Amino acid sequence: MTLAWGDAIARVRRAGSWLGASPGRVALAWAAATFVALALLAGSPGISRDEAVVLTEADAALRGPGAIAETVARPVPPLASEIATATHAPLSRLGIGHVRAARIGTVLFAALLSAALVLLAWELWGRTAALLAPALFWAVPRHLHAGLVATPDLALAALWVATVLAYRRAAGAPEASVRRRSALQAGLFFGLALAARADAWILLPLLAAHAALARARRLEVRAGAAEPRLGHVRSVLVAMAVLGPLVLVALWPWLWVSPLATAALAFTPHPVAPWGHSARVTLFAIPATVLLAYAAGAAHAAVRLIRSARRREAGASDDALVLLCAAGPFAAAALGIAPAAGGIRPWLHAMPFLALLAARTLLACARIAWPARSAPLAASLAVLVLWPSLRAIGHFHPTGSSAWNELAGGAPGAASLGLERQDGGDAAAAALAEVNARARDGARIFWPGSAPAAVRAFARDGRLRPDLAVADSPDDADLAVVTLDGTGSRDPEYRTWSAFRTARPAAGVYLDEVPLVLVYARPGAWR
Amino acid sequence: MSELRVLRDRAVAAARERLAGALRDSVRSTRAAVTWAWVHRPPLARAVAVLLAAAVAVASAASILFQARLPARLPTPLDWAAAHALLDRDARPGDAVAVTPPWAERAREILPASVAVLAQRHYAGEDLVGVRRVWVLSLAEAPRFTWEVELELLERASRSETPLRIGSLEVTRYDVAFPTLPAAFLPDRLGRAAVSIGDVRCFHSAETRFLCGGGAVEVERSVRDVGGVPRPCVTVTAPAGLGAAIVIEFPAGRIGRTLYGHAGPAGTERGGPVHVAVVLDGEEIGSAEVPVEAWIPFRVDMTRVAGAVKPISLVITSPGPLGVCLDAMVLP
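Note that the protein sequences, when read in sequence, are chains A and B.
Per our numbering, the first sequence starts with residue 1, numbered consecutively.
Per our numbering, the second sequence starts with residue 1001, numbered consecutively.
There are no misleading hints in this set.
Only some residues are given here: those of chain B computed to face chain A with a beta carbon under 7 Å:
1. Ala-1049
2. Ser-1060
3. Ile-1064
4. Leu-1070
5. Arg-1144
6. Ser-1222
7. Val-1223
According to the in silico footprint, chain B covers these stretches of chain A (three or more CB under 8 Å from chain B):
8. 280-289
9. 360-366
10. 373-385
11. 390-396
12. 501-509
Source of the hints: derived by calculation from the structure; they are not laboratory data.
The structure displayed is predicted, hence computed values, not measured ones.
Where a beta carbon is used, it is the ideal one built from N, C-alpha and C, also for glycine.
The task is simple: from the sequences and hints, build the whole structure.
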């Protein structure tokens, strides 16, 4: 028995060594693990109003009579809906639920993000950082949630990382063929990123700023890689500037009809959020230990950058690149360039770079604090950072958009601070089981806060009883399923009180006592 | 005597010397320790790394502790059931429950339906119409809990009892010093009112709803969100404007000294300002011009007709499009 165990352990070790010997294999393993885990979890989260727009584009059956009224005020880049359409059509025929099938597109981008993050981390700071960085990204409830829904934020994050990886290779690879191929890849990924979200354009000036900074401050890339020459950097930036818009035009038929009007609408700045909004939300949304690691990573990189700029040490170019890519999305959100979405979604694509920096800093911390025992210390630090976050994922899933950290005081503390409780009514899904069990036959339900397409998607997937009808107002309804976001008006709910002559809910969905959904019923409509 | 003094002085001098010596020794040893620590100090990078590792360990332990303790800081189903039983037994007509923090709205689902549940962030300046006693139900151990609600209610309480602990819930009863007890809350009488615009009677389309001018103007008893608080009121919505004065004639009741009311925007609808006149037997008793912003109070003096039992009419005019939530009560 002991021999058998020993043999098995030895085999696992050999397999681990084989797997960990090549960046490609590690990237593939992370991508596969990400895909499997997220594909399994993708059916459970609710549908926010933003996601409902994507699902409506992907699935014609979700377009109701008021489909035109449900469309958004400005044109939305097409990638999220196109990838959802591409996965929905074949997978739903295989018996996979419609919502899950449409979300598999995001799951594919999640796998791409893991792989790109591994490759970038490996090239920047070696194998251990490559193993740790994706874990530091995915161990955040809101990041995981973004990987489970069909909104374009995770796709943008994946393409953002992939573009930066290709840019770095195109700028620094010794072989001309690799540089050419990487420049083309950078252009293609950048175009896809533009097709995911219009604010992706800021990546081009960010990378141009990096190139200018590297040249002006004479920052060098780390030893072993070729120094980026201005010509190489220029060629990759030109490739991005040319290929990016071409890919966007090719993917977005709206631009064929009225290119200027559509582009003007899509790229118009959004309302500017209050000063410090993104920092405040990030402070309270990322689990405390991960937040500490991210902050330490950013500070570490900033110190290295300043020191390198003064002393002209090696490696500062990469620090500048990663810091710029992490800071850019926050600046875009503060300036109103990024769309005004819930939680950390507007600047989600900064997070993989913060995870990269955190991985490097934790490993450096272990190496410097206790050189003789750096490996066990690094493993311990990783566990200390990741374990509370994994517990938080277990606690908040599938309402990951309602996750707030220990500094906020969890969901109760966040509710006291007036932070939003959910993203666009997505918690309504949590009330479906009780509604199915207790609503009287043929009841008409008023759904304030939930997108009509989301309700149709629930019914289409069998998560909502088919005999239940949708009511347009509380006056016509027998039941009302009211989602509470904690920030907006509750007028439809109060009108329901008036129509139903009661302020007493028949049921509710609570997260740590904070109400996310309240169900009201007329007498006799609730069994 | 002098010998004693000499002995005492010697003892004091010896003690002082010994104390000074001890102090010198401790200063010397401290200095040596500090010097040793300074000489053997770790490099800055290592010190920072050690501090970071320690910070990660502390943050991790604190996070797990927070997560593990959170359920115990929040009420259990048993706590809620006990609060229900308490209020079911002790609550009287005119009682209300104020939950704090205001998001603790499970109280609406659990507590007896006979007790109104208030879930507001602030109570300063609130009339609390018809409320004589307030039971404050606190989740005092919830993260980021504050005593703001208690302090605001304490300012207007004539008496309060010591808090009663029910698991994680804390229940305190306050008697309101000057309760607002109206003789009539007019929105509740809309169902028996007659509504007209110009001289044309409006269609009584539902129990508490009237449609005027072919649906261009709607008058309804409703509850609307005004400034984040549910306000029971009469809503008058006229997206294209009223055109003529709208008259709401409420059934006869005893006239008090004051008509007291508020006006605010009905949900997202805006408009105004609104002019409200009080009419008895075709004679205008008084009027008020109220901007439709926030929840603005107005008051009309009716002392000269107080005590009479008559139908009371509100005549509402507004220059432009209107969406107003209007409450009015007759105070004795």
